[in-house]
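Go by the hints and put chains B and R onto chain C.
These are the residues of each chain, in order.
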Amino acid sequence: MKPRLAEETTSGGRVGDRVRRPDAVQKVRGDFPYSSDLQVDGMLWGATVRSPHPYARIESIDTKAAKAAPGVKAVLTFEDVAGENAYGLEIADQPVLASDVVRYWGEAVALVAAEHPEQARRAADKVKVEYAVLKPVTDPEQALLPKAPKLHPGGNVTRHIKIRHGDQNATAEVVVTGDYEIGMQDQAPLGPESGLAIPDGEGGVDLYIATQWLHIDQKQLAHVLGLEPHEVRLTMAGIGGAFGAREDLSMQAHACMLALKTGRPVKISYSRPESFVGHVHRHPGKLHYEHGATKDGKLVYVKARIVLDGGAYASSSTAVIANASCFAVGPYQCPNATIDGIVAYTNNPPCGAMRGFGSVQNCYAHEAQMDKLAAALTMDPVALRRHNSLETGSALITGQVIDGPVPVAELLRLVHERPLPAPAAKNADLTAMPGGVSNTTHGESVKRGIGYAAGFKNIGYSEGFNDFSTARVRLSVVDGKPRVEVHTAGAEVGQGLVTIQAQIAGTELGVRDVMVLTADTEVGSAGSSSASRQTYITGGAVKAACEAVRERVVALAQSELKSGEGLRLEDENIVGADGNVLVALATLLGEEVIDELRVFRPRKTSPLDPDTGQANAHMQFAFAAHRAVVDVDTELGLVKVVELATAQDVGKAINPQAVEGQLEGGAAQGLGLAVMEEIQVQDGVIKNPSFTDYLLPTILDMPPVRMDILELGDPNSPYGLKGVGEPPTISSGPAILAAIRAATGRPVTRVPVRPHDLVL
Amino acid sequence: MNVNGVDHPAPTDPRRLLSDHIRHDIGLTGTHVGCEHGVCGCCTVLFDGAPVRSCLMLAIQAEGHQVTTIEGLAPDGAPLHPVQQAFHETHGLQCGFCTPGFVMSVVGLLKQNPDPTPEEIDEGISGNLCRCTGYASIRRAVLRAAELSR
Amino acid sequence: MEFLQPATWSEALAMKAAKPEAVPIAGGTDLMVEINLDHRRPATIIDLTHIKELTEWGMDDGRLRIGAGVTYARIIDELGDRLPGLAMASRTVGSPQIRNRGTVGGNLGTASPAGDAHPPLLATEAIVELASTKGTRQVAANEFFAGPKKNAMRADELIAAFLVEPARGPQQFSKVGTRNAMVIAVCSLALAVDPKRKHVGIGIGSAGPTPIRAAEAETFIQEVLEEHRLWERHVHCEPSALKQFGELVAAAAKPIDDVRGTADYRRHALAVLARRTFRWAWDDYRKSK
Numbered sequence: 077m078k079p080r081l082a083e084e085t086t087s088g089g090r091v092g093d094r095v096r097r098p099d100a101v102q103k104v105r106g107d108f109p110y111s112s113d114l115q116v117d118g119m120l121w122g123a124t125v126r127s128p129h130p131y132a133r134i135e136s137i138d139t140k141a142a143k144a145a146p147g148v149k150a151v152l153t154f155e156d157v158a159g160e161n162a163y164g165l166e167i168a169d170q171p172v173l174a175s176d177v178v179r180y181w182g183e184a185v186a187l188v189a190a191e192h193p194e195q196a197r198r199a200a201d202k203v204k205v206e207y208a209v210l211k212p213v214t215d216p217e218q219a220l221l222p223k224a225p226k227l228h229p230g231g232n233v234t235r236h237i238k239i240r241h242g243d244q245n246a247t248a249e250v251v252v253t254g255d256y257e258i259g260m261q262d263q264a265p266l267g268p269e270s271g272l273a274i275p276d277g278e279g280g281v282d283l284y285i286a287t288q289w290l291h292i293d294q295k296q297l298a299h300v301l302g303l304e305p306h307e308v309r310l311t312m313a314g315i316g317g318a319f320g321a322r323e324d325l326s327m328q329a330h331a332c333m334l335a336l337k338t339g340r341p342v343k344i345s346y347s348r349p350e351s352f353v354g355h356v357h358r359h360p361g362k363l364h365y366e367h368g369a370t371k372d373g374k375l376v377y378v379k380a381r382i383v384l385d386g387g388a389y390a391s392s393s394t395a396v397i398a399n400a401s402c403f404a405v406g407p408y409q410c411p412n413a414t415i416d417g418i419v420a421y422t423n424n425p426p427c428g429a430m431r432g433f434g435s436v437q438n439c440y441a442h443e444a445q446m447d448k449l450a451a452a453l454t455m456d457p458v459a460l461r462r463h464n465s466l467e468t469g470s471a472l473i474t475g476q477v478i479d480g481p482v483p484v485a486e487l488l489r490l491v492h493e494r495p496l497p498a499p500a501a502k503n504a505d506l507t508a509m510p511g512g513v514s515n516t517t518h519g520e521s522v523k524r525g526i527g528y529a530a531g532f533k534n535i536g537y538s539e540g541f542n543d544f545s546t547a548r549v550r551l552s553v554v555d556g557k558p559r560v561e562v563h564t565a566g567a568e569v570g571q572g573l574v575t576i577q578a579q580i581a582g583t584e585l586g587v588r589d590v591m592v593l594t595a596d597t598e599v600g601s602a603g604s605s606s607a608s609r610q611t612y613i614t615g616g617a618v619k620a621a622c623e624a625v626r627e628r629v630v631a632l633a634q635s636e637l638k639s640g641e642g643l644r645l646e647d648e649n650i651v652g653a654d655g656n657v658l659v660a661l662a663t664l665l666g667e668e669v670i671d672e673l674r675v676f677r678p679r680k681t682s683p684l685d686p687d688t689g690q691a692n693a694h695m696q697f698a699f700a701a702h703r704a705v706v707d708v709d710t711e712l713g714l715v716k717v718v719e720l721a722t723a724q725d726v727g728k729a730i731n732p733q734a735v736e737g738q739l740e741g742g743a744a745q746g747l748g749l750a751v752m753e754e755i756q757v758q759d760g761v762i763k764n765p766s767f768t769d770y771l772l773p774t775i776l777d778m779p780p781v782r783m784d785i786l787e788l789g790d791p792n793s794p795y796g797l798k799g800v801g802e803p804p805t806i807s808s809g810p811a812i813l814a815a816i817r818a819a820t821g822r823p824v825t826r827v828p829v830r831p832h833d834l835v836l
Numbered sequence: 003m004n005v006n007g008v009d010h011p012a013p014t015d016p017r018r019l020l021s022d023h024i025r026h027d028i029g030l031t032g033t034h035v036g037c038e039h040g041v042c043g044c045c046t047v048l049f050d051g052a053p054v055r056s057c058l059m060l061a062i063q064a065e066g067h068q069v070t071t072i073e074g075l076a077p078d079g080a081p082l083h084p085v086q087q088a089f090h091e092t093h094g095l096q097c098g099f100c101t102p103g104f105v106m107s108v109v110g111l112l113k114q115n116p117d118p119t120p121e122e123i124d125e126g127i128s129g130n131l132c133r134c135t136g137y138a139s140i141r142r143a144v145l146r147a148a149e150l151s152r
Numbered sequence: 563m564e565f566l567q568p569a570t571w572s573e574a575l576a577m578k579a580a581k582p583e584a585v586p587i588a589g590g591t592d593l594m595v596e597i598n599l600d601h602r603r604p605a606t607i608i609d610l611t612h613i614k615e616l617t618e619w620g621m622d623d624g625r626l627r628i629g630a631g632v633t634y635a636r637i638i639d640e641l642g643d644r645l646p647g648l649a650m651a652s653r654t655v656g657s658p659q660i661r662n663r664g665t666v667g668g669n670l671g672t673a674s675p676a677g678d679a680h681p682p683l684l685a686t687e688a689i690v691e692l693a694s695t696k697g698t699r700q701v702a703a704n705e706f707f708a709g710p711k712k713n714a715m716r717a718d719e720l721i722a723a724f725l726v727e728p729a730r731g732p733q734q735f736s737k738v739g740t741r742n743a744m745v746i747a748v749c750s751l752a753l754a755v756d757p758k759r760k761h762v763g764i765g766i767g768s769a770g771p772t773p774i775r776a777a778e779a780e781t782f783i784q785e786v787l788e789e790h791r792l793w794e795r796h797v798h799c800e801p802s803a804l805k806q807f808g809e810l811v812a813a814a815a816k817p818i819d820d821v822r823g824t825a826d827y828r829r830h831a832l833a834v835l836a837r838r839t840f841r842w843a844w845d846d847y848r849k850s851k
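Residue numbers (our numbering), protein chains in the order written: chain C, 77 to 836; chain B, 3 to 152; chain R, 563 to 851.
Possibly wrong hints are sitting among the right ones.
Computed beta-carbon distance windows for the label pairs [claimed, not checked]:
hint : chain 1 : residue 1 : chain 2 : residue 2 : range
1    : C       : K211      : R       : Q700      : 47 to 57 Å
2    : C       : D117      : B       : A80       : 43 to 53 Å
3    : B       : Q114      : C       : K204      : 47 to 57 Å
Facing chain B, a subset of chain R residues (Cβ under 10 Å, in silico) [said to hold, decoys possible]:
hint : residue
4    : E564
5    : A635
6    : R663
7    : G664
8    : N742
9    : V786
The hints are simulated quantities; they were obtained by calculation from the structure and are not laboratory data.
What you are looking at is a predicted structure, and each value in this text was computed from that prediction instead of being measured.
C-beta atoms are modelled at their ideal positions from N, C-alpha and C, and glycine is treated no differently.
Okay, chain C solo, but in the shape it has when bound (with noise of 0.2 Å):
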């Protein structure tokens, strides 16, 4: 039993072309099934009963109303996790069904499968927990005071992150400070999480996921179901967006726990409430900066206490502080710096990965400092940048020299000296005022403003972790022509993974028909589609096994040909030293099938020193910068992001279209954060659980996004790409935040700035 799954198409494109993705088709057909699309005979729907205390002891759970009630399959409590009810990305400290205590609200505690969804969530109602309520640790500041309750055996720091580099006694002529704080952003894919798990009837099951990691998953299921790895099989559904929200385990467990024990297929579907429970947010802040420079405007030392609030339980939070502190100051050059980076647990709801992972909080800090730093010297902010940029061979504060193109001044002249949009236009449609159909105003009281930010990250995983992916390639005739079919388990969550893999596969060997096929658990782990890895690091991968295959045929036609040296794969042929065609591929292969399986690792890295943070701990940096133009009307508060210009250097751009695509959409989401989205939480508890009350930005909010792409090459990486996905989502918002100072004159050290903070 399978459920229908997206169609393996083929299409070819070579690395550089502007190629359709191969599944659009598909999609714009409304016939792409998404997890939530997914459905087999005999399937149960699952509902999960959650916690609706942010920190309570479980004193008693009855199930015997739930189980007696309409089309009720099975009731699971933390009694039936038949391995151990632990898991987590970095630490396993979360249970699958919370046992004796819970720690935030929404924490699942039991499970019921029923014929039919409605009946599962009538019956998850029926299931009586009873509580004693304790007082919930909400603030990550009283979190890490000694008196504070320890939420988890090891206390409360979930992590604390310490770079000491250069002389830690420096002082400047000129010191700025500032503190910064920052709301909790959600990643709010569209498609809230779903999934199906179907018992194969000898103890396994098998799971069909909208997931950015299957092999990270298999692992922890395993560990919670109590089964072998072979025993959990995953299998890719279609994704509705993912952006981090998908790297943790959400229903997953569940799913397969209710499947396993009722023997039939079962389906779990969140509904965008639950989602916003359902899945980890990214890390709010609060951000202490020093900044200390000479009169000519050198950076001289930054010191920086950043504190995240982990919620509940550890996630990936361990990774994302070791990000906002390694690059705490930004992509300039600092000779001393003292960070400390601490990210506690609380009871506030879980946070973990989001598009950017700890560089999106800081750059709002380093790049407020450098605005004041600016003014303090009376230097262009530009400019001021320009002079501390990162460059080739510049050291970072972990001690870690960057090699290849570092080209942070060269962004920001570019985004600096791209023409401005035409001031606002006296009777312009409302469209295009602060407020916009809304009519708050007609021009009155409108100022625009101009800022500048620039950012960079890591690409790829950090700190000696095994960084890996893994390609098939199997080249045989179907119709008389060349296919090629690529395995992966790399996810494609909407960036294009497997338009970029056609792409290599298509380069590499020369082939017209390349098929990508599913991804899922019966090849090796391709790691998660995050940190903007994959096209580097599976597309290195798909690239690698395509080699071996090229070796083959090449070494199979000098066999048949009896050739010598100097045969090449060109177009489908076998062509000759000098040029000839001398057999068709096809010809060649006749029956042969040509199967190669890789794994691609790139650069090793190191771990932080835990005194010092010093190492090199990172593989590639990516760096981008914006420019923002608002206009606010600095009467009511409101704000039009009129353009937004940015520059970011790729490396190389596998796909053009789909590199466009990321650097508008992650601009969105920098937007987003800077302007309107903010998860409410009070003691503990989410206020705006809903896309009516936590607001996405529509189609009037975002400007056009003005882009100049460099292809500067990466000595080190396949093709010499760099990741592309999250610089769009660092700078874009703190940019925004600059040309909102400049507009209004506030200092405006919150995001996302609320109207209030502008007028009142």
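Relative to the frame of chain C, chains B and R by itself:
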């Protein structure tokens, strides 16, 4: 009710949402559900020719009416509808979850206004959220769709 | 859940009389959200979308009588010239898809303080026509809103229509939201200038437990216009008077802090909106001379 030119029996459960009825009873899963409270626009269908949110209607309210879903634009392998073609050409989608809703809104918009200005495009599709594209490629798709429809 | 689908208005009224707990549904854009979020599980629903009379509008003794089932999209298209304030408000309701289904009748039925249609109805002194098997009655918009999501309807009544005079002068509507489309009001304000009656009407939304008519501010600005013969002179009033007018509008509000905004901001913003919308409307009036 008539869905994409085919008559279907009334839903048996009066509580059934039109979106659920289309997806689960009729089996047309191209109409997506992203929020079920009338904001995201993923569930947009044409109701007697006008774009509406199918998650905010009871299926039974559609009795006697014409419903067009994304699958009705180019049925059974027919060439793509100009709006679908335009989204494909201009990379007007990434994950694609919002795409059917956008396509239906754009079909409705262009029917009313075959040659919209950029401002009219923005206002006309401001009731659909996209989390991937930042809307730029969707703007290009609408302009291209208008061109293809001429 | 029982689903009733009357074909005629008298049938609908009979059903409501027999089952006063039944919840009427028109466009569903409010009710269905409540049902889907499980905030409400009505036992009986009366679907009013098949009743032709409710979708009609026409003149009735000098007033427009607009059926409760006329959608926002039609108000914009068909009544934009006669009810500009309501049309401007309608343009800000939800999204195009919502405006194709949602109705002013439904907005009145929900009686949310954030309902976008309410401020213009208050500013134009609209009348709500309620009906039951016992007959019809008319309730002034100002008396219709009884509390948070509560209105003056009796359990056996349905909303038949609302009545409002076609605009004789400029009207404005402004709504503050933290996004440029598809947003629930942080606060909103409607203003209607009636040169014939020398009247200025003001309704505010999302700034108290109910939509509110800013009566003192209305009286104040009318006195200013009268005293300085501004209706006749077609000039602007003094900035100080405008400032005081804004303060009186803000003072009429009874806002709270919530996820959409703070009480202080709402008062501040209402004062700004009051000054601006009055200037725009008065500019239009001066130009119409």
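Structure-based check of all given hints:
Here the CB-CB span from K211/C to Q700/R is close to 54 Å, well matched to the stated 47 to 57 Å. Remark: the range hint 43 to 53 Å for D117/C to A80/B is contradicted by a beta-carbon distance near 29 Å. Range check, Q114/B to K204/C: about 53 Å between beta-carbon atoms, so the 47 to 57 Å window is met. Hint on E564/R holds. Least Cβ distance to chain B is approximately 7 Å, under the 10 Å limit.
For A635/R, the interface hint holds, the least distance from its beta-carbon to any beta-carbon of chain B being 7 Å, beneath 10 Å. Below 10 Å, beta-carbon pairs count as interface contacts, and R663/R has one with chain B at about 5 Å; its hint therefore holds. Hint status for G664/R: holds, given a least beta-carbon distance of 9 Å to chain B, under 10 Å. At its closest, the beta carbon of N742/R sits 8 Å from a beta carbon of chain B; the interface hint therefore holds under the 10 Å criterion.
At a threshold of 10 Å, the smallest CB-CB gap from V786/R to chain B is about 36 Å, leaving the interface hint violated.
Figure legend: structure checked against the earlier numbered hints; hints not met, in rising order: 2 and 9.
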